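*Asks:* Can you build the whole structure from these sequences, using the hints too?
Chains A and B, in that order, give the protein sequences. Under full-length UniProt numbering, the residues of the first sequence are numbered 1 to 337, in order. Under full-length UniProt numbering, the residues of the second sequence are numbered 1 to 127, in order.
It should be emphasised that the hints constitute simulated quantities derived from the structure, not laboratory data. Accuracy of the hints is not assured; some may be wrong.
Stated by the list, open to error - Where chain A lies over chain B, by a calculated footprint (3+ residues, C-beta under 8 Å): (1) 24-33; (2) 81-94.
What the hints assert, rightly or not - With beta-carbon atoms standing in for the labels, derived distance ranges: (3) Leu36/B - Gly282/A: 41 to 47 Å; (4) Glu92/A - Ala80/B: 45 to 51 Å; (5) Asp88/A - Glu51/B: 28 to 34 Å; (6) Ile76/B - Gly282/A: 31 to 37 Å; (7) Ala9/B - Ala232/A: 45 to 51 Å; (8) Asp66/B - Leu199/A: 38 to 44 Å; (9) Ala232/A - Val77/B: 34 to 40 Å; (10) Gly178/A - Ser79/B: 46 to 52 Å; (11) Ser79/B - Asp183/A: 46 to 52 Å; (12) Asn109/B - Gln139/A: 45 to 51 Å; (13) Ala80/B - Gly230/A: 49 to 55 Å.
What the hints assert, rightly or not - Sample of chain A residues lacking proximity to chain B, with all beta carbon distances greater than 10 Å (derived): (14) Thr81; (15) Leu180; (16) Asp183; (17) Arg187.
Small disclaimer: the values here were computed from a predicted structure and weren't measured. Glycine included, each C-beta is placed from N, C-alpha and C at the ideal position.
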Amino acid sequence: MWPTDTLTPPDAPTADPLAAGPALVPAVVPPMPTVPPLLVASPVAAPQLAPAAPDSAPRPRRTQAAPLPRRRRSSCAPATTFEAALTDLAAEGATGVLHGPDGAVHLAAGLVVHAESPRGATVGHLLVGAGRIGLHDWQSVALGTDRLSGLVGPGELELARLAATLDGAFDALAQHGGELRFDPAARPAFRLARPLSVLELRGAVGRRRALLDSCWPSAELDSAAPVATGAAPVRRTAVPRHRRQALLAAADGSRGVPELARLLGRSTFGTLLDVRQLAAAGLLAAGRPAVLPDPPPAAAPQPAPPDVLLPPGPRSYDSSDPEVGLLLRLRAALEAL
Amino acid sequence: MPGIEECLAEAMGITGALGVSLVDWTNGLAIGTAGLGPDGDHEVGAADATELARAVTQTPSFADPDSGAPPAEDVIVTSAGTYHLIRFVPAAFDANVFLYLRLDRDHANLAMARLRLAAIADRLVLA
Numbered sequence: 001m002w003p004t005d006t007l008t009p010p011d012a013p014t015a016d017p018l019a020a021g022p023a024l025v026p027a028v029v030p031p032m033p034t035v036p037p038l039l040v041a042s043p044v045a046a047p048q049l050a051p052a053a054p055d056s057a058p059r060p061r062r063t064q065a066a067p068l069p070r071r072r073r074s075s076c077a078p079a080t081t082f083e084a085a086l087t088d089l090a091a092e093g094a095t096g097v098l099h100g101p102d103g104a105v106h107l108a109a110g111l112v113v114h115a116e117s118p119r120g121a122t123v124g125h126l127l128v129g130a131g132r133i134g135l136h137d138w139q140s141v142a143l144g145t146d147r148l149s150g151l152v153g154p155g156e157l158e159l160a161r162l163a164a165t166l167d168g169a170f171d172a173l174a175q176h177g178g179e180l181r182f183d184p185a186a187r188p189a190f191r192l193a194r195p196l197s198v199l200e201l202r203g204a205v206g207r208r209r210a211l212l213d214s215c216w217p218s219a220e221l222d223s224a225a226p227v228a229t230g231a232a233p234v235r236r237t238a239v240p241r242h243r244r245q246a247l248l249a250a251a252d253g254s255r256g257v258p259e260l261a262r263l264l265g266r267s268t269f270g271t272l273l274d275v276r277q278l279a280a281a282g283l284l285a286a287g288r289p290a291v292l293p294d295p296p297p298a299a300a301p302q303p304a305p306p307d308v309l310l311p312p313g314p315r316s317y318d319s320s321d322p323e324v325g326l327l328l329r330l331r332a333a334l335e336a337l
Numbered sequence: 001m002p003g004i005e006e007c008l009a010e011a012m013g014i015t016g017a018l019g020v021s022l023v024d025w026t027n028g029l030a031i032g033t034a035g036l037g038p039d040g041d042h043e044v045g046a047a048d049a050t051e052l053a054r055a056v057t058q059t060p061s062f063a064d065p066d067s068g069a070p071p072a073e074d075v076i077v078t079s080a081g082t083y084h085l086i087r088f089v090p091a092a093f094d095a096n097v098f099l100y101l102r103l104d105r106d107h108a109n110l111a112m113a114r115l116r117l118a119a120i121a122d123r124l125v126l127a
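*Replies:* As structure tokens, then:
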């Protein structure tokens, strides 16, 4: 929690030279305005506090107050419960797998060696889908007869493992509030040749999210089934033509992004990146919501600090009133300008 | 069929090579490194090279999306003392990686280095 005591007046108001009256009579200090602690700590909202403070009444000087805690939005602070748990396990040098409903990350001596998620592509999806190996080859690998070594080079195999791990981690790290379980006995299907620290993994996933948002800042299509609009592009897109055409042909509103990725033999993230770029060009739109009940990963926690100071507690207006609703929409439109 | 480490070691054998890294441009991760990074820091070098790579892969003018197969091949930056050479790895799946080679300008042959780095990038993903 965020302490608010740094805004309360000191015990000795006579320290203020503006305090009127006899020195022995303590001045009545007006109560400071109640401000939500989060807004006090927010670097955005802090400057707006100054004019709101009463300036006519005698006011004690703030002396030697402890610095307010600041909410960090950097990659240093875990953003989700899964990231926080994973960071703690890594700090202990744990070995095992942290499971959540939407993905799992495997640790070995505190380093990330593998990650997987139901939405993410596997090594088999990538290599078979790209035509590097046949389905039969992959099935025999899965059965334990290692025939992959003669078909795929170690460099390519390692890149596929990394792509699969990052695909899984993208979903796994976004889990917030679900039930998590740590199993120290589980062993991963493979291990990365160069394990990643949890900080590296979180940084990598965070930069991927930022890349997606820079293409098209809406996660609407991430969990929906995209549909090709058939319209002319509103702007040029950098997606290569063969990738674009295959994706638009497959996007018939019946498949979500993971299903499209599997159909086309691509990683889920690579498909997501294409989908966002094509949405920005007006070539894809959201169809019906996919059956997935979970919110899209990019919509995960960390709400941005609000732009306006709202009083804490229940809102004082009734948003179901049509006139109030109109005013709220007007305000939102003005703020969007 | 070389692995990542062998490919990086081979790239360091290119005349004038100062340092090389294999980088994922979707997330700036240095997957493997050899030699010295810019100012001795491969992580920062990978992040900076990622910005360059994205300027190519995410910009229609440079990505050349209608040309067919691999969208981009090289990015070359020359400065007073150094050649910076980025070569996209033509993986069959979404690997989204490139090799970033820095060369000492006094000793390197840019044209030769580009050809050799391209061959190494091809071998990394072709059996």
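*Asks:* Output the indices of the hints that this structure fails to meet, ascending.
*Replies:* Violated hints: none; all satisfied.
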